[in-house]
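Start from chain P and add chain V according to the hints.
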Amino acid sequence: MVITQERQTVTAKDFKTEQKSTWCPGCGDFGILSAVQMALVNAGVAPWQVLLVSGIGCGSKLPDYISANGYMTLHGRAVSIAAGAHLANTDLVTFAITGDGDGLGIGIGHAIHNMRRNVDIVHIIENNEVYGLTKGQYSPTSKRGFKTSTSPEGSIEFSVNPLALALTAGATFIGRSYSGDPKHAAGIIQQAMEHKGYALVEMLQTCPTYNKTQNNDWYKEQTYKIEEENPSYDNTNRLMAYELSQKDDGRYPMGVLFIDHSRPTYAEQVPALQQNKAALIDHSLDLDSQLFEKIKASYN
Amino acid sequence: MSQKNQISIKVAGAAGQGVESGGQGLAKALRRGGLHIFGVSDYMSLIKGGHNFFQITVSDEPVYCNTEKIHILVSFDPQQVQDTVPHIRELHEGGIFILDEGAKVDPAMQAAIEEVGAICCPMPLVKLATEIGGSRIMMNTVALGAVAGIMQLPFEALDSVVRENFAKKSTELADKNSQVAKSGYDFALQNLVSKFKYSVKYDPAMGDKMLINGNEAIAFGSWAAGCRFISFYPMTPGTSVGEWFTKRNSKIGVVTKHTEDEIASICMAIGAAQVGVRSMTTTSGGGFCLMVEALGLAGMTEVGVVVVNAMRGGPSTGLPTRTEQADLLFAIHSSHGEFPKIVLTPGTIEQCYEAGIRAHNLAEKYQTPVIILTDQLLAAEVYDISPDKFEIPHIDRGKLLSKEQLDKLESNYLRYEFSADGISPRALQGHPKTVHAPATDEHDETGHITEDAANRIKMMDKRMQKLETARRDIKPPEFIGPENADLTMIVWGSTYGVAYETIELFNRNPSNKQKINALHFSELWPLPKDKIQQALSKVKFAVSVEQNYTSQLATLLRAELGYEMKKFINRYDGRPLTAEELCTQVQEIFAQSLITA
Numbered sequence: 113m114v115i116t117q118e119r120q121t122v123t124a125k126d127f128k129t130e131q132k133s134t135w136c137p138g139c140g141d142f143g144i145l146s147a148v149q150m151a152l153v154n155a156g157v158a159p160w161q162v163l164l165v166s167g168i169g170c171g172s173k174l175p176d177y178i179s180a181n182g183y184m185t186l187h188g189r190a191v192s193i194a195a196g197a198h199l200a201n202t203d204l205v206t207f208a209i210t211g212d213g214d215g216l217g218i219g220i221g222h223a224i225h226n227m228r229r230n231v232d233i234v235h236i237i238e239n240n241e242v243y244g245l246t247k248g249q250y251s252p253t254s255k256r257g258f259k260t261s262t263s264p265e266g267s268i269e270f271s272v273n274p275l276a277l278a279l280t281a282g283a284t285f286i287g288r289s290y291s292g293d294p295k296h297a298a299g300i301i302q303q304a305m306e307h308k309g310y311a312l313v314e315m316l317q318t319c320p321t322y323n324k325t326q327n328n329d330w331y332k333e334q335t336y337k338i339e340e341e342n343p344s345y346d347n348t349n350r351l352m353a354y355e356l357s358q359k360d361d362g363r364y365p366m367g368v369l370f371i372d373h374s375r376p377t378y379a380e381q382v383p384a385l386q387q388n389k390a391a392l393i394d395h396s397l398d399l400d401s402q403l404f405e406k407i408k409a410s411y412n
Numbered sequence: 077m078s079q080k081n082q083i084s085i086k087v088a089g090a091a092g093q094g095v096e097s098g099g100q101g102l103a104k105a106l107r108r109g110g111l112h113i114f115g116v117s118d119y120m121s122l123i124k125g126g127h128n129f130f131q132i133t134v135s136d137e138p139v140y141c142n143t144e145k146i147h148i149l150v151s152f153d154p155q156q157v158q159d160t161v162p163h164i165r166e167l168h169e170g171g172i173f174i175l176d177e178g179a180k181v182d183p184a185m186q187a188a189i190e191e192v193g194a195i196c197c198p199m200p201l202v203k204l205a206t207e208i209g210g211s212r213i214m215m216n217t218v219a220l221g222a223v224a225g226i227m228q229l230p231f232e233a234l235d236s237v238v239r240e241n242f243a244k245k246s247t248e249l250a251d252k253n254s255q256v257a258k259s260g261y262d263f264a265l266q267n268l269v270s271k272f273k274y275s276v277k278y279d280p281a282m283g284d285k286m287l288i289n290g291n292e293a294i295a296f297g298s299w300a301a302g303c304r305f306i307s308f309y310p311m312t313p314g315t316s317v318g319e320w321f322t323k324r325n326s327k328i329g330v331v332t333k334h335t336e337d338e339i340a341s342i343c344m345a346i347g348a349a350q351v352g353v354r355s356m357t358t359t360s361g362g363g364f365c366l367m368v369e370a371l372g373l374a375g376m377t378e379v380g381v382v383v384v385n386a387m388r389g390g391p392s393t394g395l396p397t398r399t400e401q402a403d404l405l406f407a408i409h410s411s412h413g414e415f416p417k418i419v420l421t422p423g424t425i426e427q428c429y430e431a432g433i434r435a436h437n438l439a440e441k442y443q444t445p446v447i448i449l450t451d452q453l454l455a456a457e458v459y460d461i462s463p464d465k466f467e468i469p470h471i472d473r474g475k476l477l478s479k480e481q482l483d484k485l486e487s488n489y490l491r492y493e494f495s496a497d498g499i500s501p502r503a504l505q506g507h508p509k510t511v512h513a514p515a516t517d518e519h520d521e522t523g524h525i526t527e528d529a530a531n532r533i534k535m536m537d538k539r540m541q542k543l544e545t546a547r548r549d550i551k552p553p554e555f556i557g558p559e560n561a562d563l564t565m566i567v568w569g570s571t572y573g574v575a576y577e578t579i580e581l582f583n584r585n586p587s588n589k590q591k592i593n594a595l596h597f598s599e600l601w602p603l604p605k606d607k608i609q610q611a612l613s614k615v616k617f618a619v620s621v622e623q624n625y626t627s628q629l630a631t632l633l634r635a636e637l638g639y640e641m642k643k644f645i646n647r648y649d650g651r652p653l654t655a656e657e658l659c660t661q662v663q664e665i666f667a668q669s670l671i672t673a
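These protein sequences, in sequence, are chains P and V. Read left to right, the first sequence gives residues 113 to 412 (the numbering used here). Read left to right, the second sequence gives residues 77 to 673 (the numbering used here).
Because the hints were derived from the structure by calculation, they are not lab data. You can trust all of the hints, since none of them are fake.
Derived coverage of chain P by chain V (criterion: at least 3 residues anywhere in the stretch with Cβ under 8 Å from a Cβ of chain V; other residues may be distant):
| id | segment |
| --- | --- |
| 1 | 149-160 |
| 2 | 170-177 |
Pulled a few chain V residues facing chain P out of the computed Cβ check, cut under 8 Å:
| id | residue |
| --- | --- |
| 3 | Ile328 |
| 4 | Gly347 |
| 5 | Val353 |
| 6 | Pro463 |
| 7 | Phe466 |
| 8 | Ala515 |
| 9 | Ile525 |
Quick reminder that beta carbons are idealized off the backbone N, C-alpha and C, glycines included.
Chain P with its partners taken away, still in its complex shape (with noise of 0.2 Å):
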């Protein structure tokens, strides 16, 4: 995002709510909500400063759960309205926050045509590759033979690579990380909130009751550090980051991926905030009164 506003002296008790979570003891999402808030602390991003957009989902119930400006909308359209919402009011932070299934299932639609947009928004996916909050379905990133009560026999369907959908699709920051490392998800978070354009946040996360296996000691087995693994990784090569994408040893890798520095964003060409770059929320509504007469008369 391009953040337009005065920085803020934030701590974590200004996002505390006495709303009581409905997550499963031990789900992933406990670790992003706290990574969430972590990186708007240390990015200075104040409770009223942010818009966190969501789907309908476990996940999606993440601003119901902290004290910061939300709108918990519709399954698979918050990618919409966050970047309606960021169009009509460039002051504020907005997140897209989805699920696997709301974000590339019913909503990959939207996701792919944002990218391609580079509408200034941060949408963090949360994936867990299975359906939790309707009981345990696979999903679009499940991995093929996984079984569930619509797959009884296992999943015959490859999944989605969200990476590699979003280099193709032309998002303009691409990372990666997981609910057991708040540390490492803020870090990824505050870095998409500040990068200027669509950024897309994969959140590997657990789920406790329906993907057993994939577990915390499964996940520290399987996730590794780009920058670790090859310190000379360069992440605004989009080949470089196709191979690691296209990298199909089952393991994850996990920081920034991909990261763009050249594409305008949609709002910067947008003619009507190009004229007055005040944010569109603060333009006036006073009707300019020659302009309507000249509209009328251009009918005669």
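Positioned in the frame of chain P, the structure of chain V alone reads:
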């Protein structure tokens, strides 16, 4: 009172031949000459070829719909003139049929011409266009010149329009078109005008008038009322509302977004409206179907968003370029669950402008979605309107708290605070004192998710109370024609025009002993029941007239008020009702009821 003196002109040709632009230009020229105009195009769902036409009816009195019979027929297409046979049959006795001299008049056409007693006037359209070095397509301009000549329109009126239209392309093109328009005009003065026995009186002092269609008027009104965001996906006939904004977006300060689909369109508009910008989307029935889940989100989270549904023949792809009024009950009941929504059904161009304004004011005032239902006919029709009919609107933002009010806020802000009228004070996100996160789930006054039963009841009651509050704000139906009549047509939306002309046609005919009028609904939901009942109490014999199969307004009035229509007239072939056919049907009803009485 004698019948209206009017002349109807039909310009026909294939798609891509300039039928629409030529027709529009001619309408403008005749208007500038000092005539009242009604015009609408009729086109097929294709880009090139097919058979399209533009019909104009002119008079020395205001006109609100086209006539079935025509006085002048022009064919732009020397190859496809055979397609004009049905239109030749529409010609009055002594009507003129203009076509290029190179076009072949086949026996079927000849028979039709003789049958109606029309005058076939082949003229050198292509020759006059090309002999000065113009292109073949300029035959259109020659033909328009000829029509202007036959109509004895002062040439300057046509010339000014031709020059304006082509000046955008080049001065040379403007000069050439002006030249060929003059040759067509002169040809008609020398050869055709003496053959034409019809005439209307020009009023050169008529002054400035606008020719603007319904969709443009909705867009114009919306912009004037402060709409600053429109997201839409192209779908005929809703697209032109969006294009009004996109054409001007660098000048009028509106963010316009052509999205990937209709779901994204309404969701973006809801996102923009949620943070406080007046926002809208536009579509037709199929696109509206895709939007309705999100409409429920707007209802549940109390976001005022404006949706234009320009109806066309359905279901599914149906008749994509034709008119129908079959989405009324769908619009009122759209989306699952129960929540308040407001449905406006403008019937005139003035009402379209007004609806654009009203929709945005009502959406913010009641914090709920507002649907403007229009249709292909109203979207495309033009008639002359005095510019002072479009006034600078009053903007009513309802219970929106100002920055100053928020600065002084002492207690915690409650986005969904319970109130007697159901409307909560609204604060925008982005102020330190108003942090909130509305949930699409049932929520408490703060916006937090809750499944508590008692809260559910209170919150449902609060939202539905807005419907009752809004009911008082909805305009009652208005009578067209005399207050007291023996028969009343019950109409809504675009049939205003045809109802008006039917009343004129029927009541001015001295052989009709009875009088008729119409009751027109320009705002429909929530029904202002008391005011409607008051109006209906003056109705002696109610005839439902709708452009659909199931008489949807009649169904609604029966369900909501127990009101029964006496007769039903329906048209659902995608073509607009005509005053002639309605008049005949009304006469039949009178004849029948005399028998049964």
